[in-house]
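Taken in order, these protein sequences are the chains called A and B.
Using my numbering, read the first sequence as starting at 1 and increasing by one per residue.
Using my numbering, read the second sequence as starting at 1 and increasing by one per residue.
To be clear, the hints were calculated from the coordinates, so they are not data collected in a lab.
Even glycine gets a Cβ: it sits at the ideal position worked out from N, Cα and C.
One-sided excerpt, in silico: chain B residues whose CB lies under 10 Å from chain A:
1. Val10
2. Phe14
3. Arg17
4. Trp20
5. Ile49
6. Gly63
Derived list of chain B stretches under chain A, where covered just means 3 residues or more per stretch with a C-beta under 8 Å from a C-beta of chain A:
7. 36–46
8. 76–90
9. 94–108
10. 119–131
11. 177–184
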Amino acid sequence: MTADAARRIAAVPTTTEETEPLVLPSYERPAAGVHPPLDFEGYRSTSLRHPKRPLVLLPHRLTEVTGPLLGNDLITMQDADLTTQRGGEPQGQRIIVAGRVLDSDGRPVPDTLVEIWQTNAAGRYRHAREHHPAPLDPNFDGLGRCITDAGGRYRFITIQPGAYPWGNHHNAWRPAHIHFSLFGRAFTQRLVTQMYFPGDPLLPLDPIFNSVPDEKARQRLIAAFDIELTQPEWALGYNWDIVLRGRDGTVFE
Amino acid sequence: MTGLTPSQTVGPYFAMRLPWPDGPYVVPEGTPGAVVIVGRVYDGAGNTIPDALIETWQADPDGRFAHPHDPRGASPSGYREFRGFGRCETSPDGSYRIVTLKPGPLPTPEGDIEAPHLDVSVFARGLLDRVVTRMYFPDELAANAADPVLSTVERARRSTLVAVAEPEGHLRFDIRLQGRHETVFFDI
Chain A
1 MTADAARRIA AVPTTTEETE PLVLPSYERP AAGVHPPLDF EGYRSTSLRH PKRPLVLLPH
61 RLTEVTGPLL GNDLITMQDA DLTTQRGGEP QGQRIIVAGR VLDSDGRPVP DTLVEIWQTN
121 AAGRYRHARE HHPAPLDPNF DGLGRCITDA GGRYRFITIQ PGAYPWGNHH NAWRPAHIHF
181 SLFGRAFTQR LVTQMYFPGD PLLPLDPIFN SVPDEKARQR LIAAFDIELT QPEWALGYNW
241 DIVLRGRDGT VFE
Chain B
1 MTGLTPSQTV GPYFAMRLPW PDGPYVVPEG TPGAVVIVGR VYDGAGNTIP DALIETWQAD
61 PDGRFAHPHD PRGASPSGYR EFRGFGRCET SPDGSYRIVT LKPGPLPTPE GDIEAPHLDV
121 SVFARGLLDR VVTRMYFPDE LAANAADPVL STVERARRST LVAVAEPEGH LRFDIRLQGR
181 HETVFFDI
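When you get a sec, could you build the whole thing from the sequences and use the hints?
Laid out in structure tokens, this is it:
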């Protein structure tokens, strides 16, 4: 340690609490088969982008058990309604996508930022590098965000996204999906994933969806149609809960 | 136990949503004592990756976190504009840039001291899950030598985790996803 670092540690005021041993929570390590392997032959872009050396086990210490608690200053109510962001009504099937963010102990994860992005109804992203010859919708950007409430609940109003070709192999089409990005409450809980729709005939053909080895885990990427969430004369409802890593061992609140 | 939701790739179009105008600024540009971290992300062929997202998370200069899981609580000296979190998408030349304050050393439950470091996540098309690495500081030779994480890494590969001081005063932290000088990534 440098003298400077020693001075900085010494400069932290010492209270009774701080002389006690540091006790930190630890987070569950995901079971094998839940997350996709980084090297997956069916998804071409992984070939030059996956590390080949074994990962080094990182214990969960202060930097890992804490994490950014972001959001309220970033968010407006309108951010969760993707159908009213551009003045006019977008084309396509209006849907409500709602659910809870939980940890694997079933506890809600409140006040956490949820960010989503998706194609429009025609399967086109609003992105400069997107070349799919499907129309852009002047009334749809495909961007949303919200903060979970005290019960871990989130809710978006959007448009049913479309399928699109992606060039990974002959006649490759991505099933309709919505990208989700979540923080949870700790660095260990960070998750970026995709939500799919039930009954999509492209799912069995999609290497990205099928990169998840465990069948049950893979099915958890598919939302459930929900007639209770569906609003009469207005929008279909899809329910999707997102489960982040929970704490294992003794929990200190 | 409820089953975890699997990870899926961030894909090529995350830049629609995830970059924030102030994302790269853990502290505002020009904050006294700010350090600028720059780097490029490379694939296994040595080509730069123009569609990666870098996220950083770190302690404040006193080695503390304004977070309920840090039992010591926020730093009493207060770093008002410091948010600990940085996010920057790579440019067409594969480069990213983060403006931050150097974190302090950190105590561990085992009674060790971790050298100042940033936890770094990399997301990209072709990465089905994020990969996680750490950035350590080149002016902390003794602290790095005593760091309980660095000491678990094969000696020949440790240098991939330490930034390089550049003449302009920047710190350079290049990330190689694959190849001869592949960065050390962690199982978290």
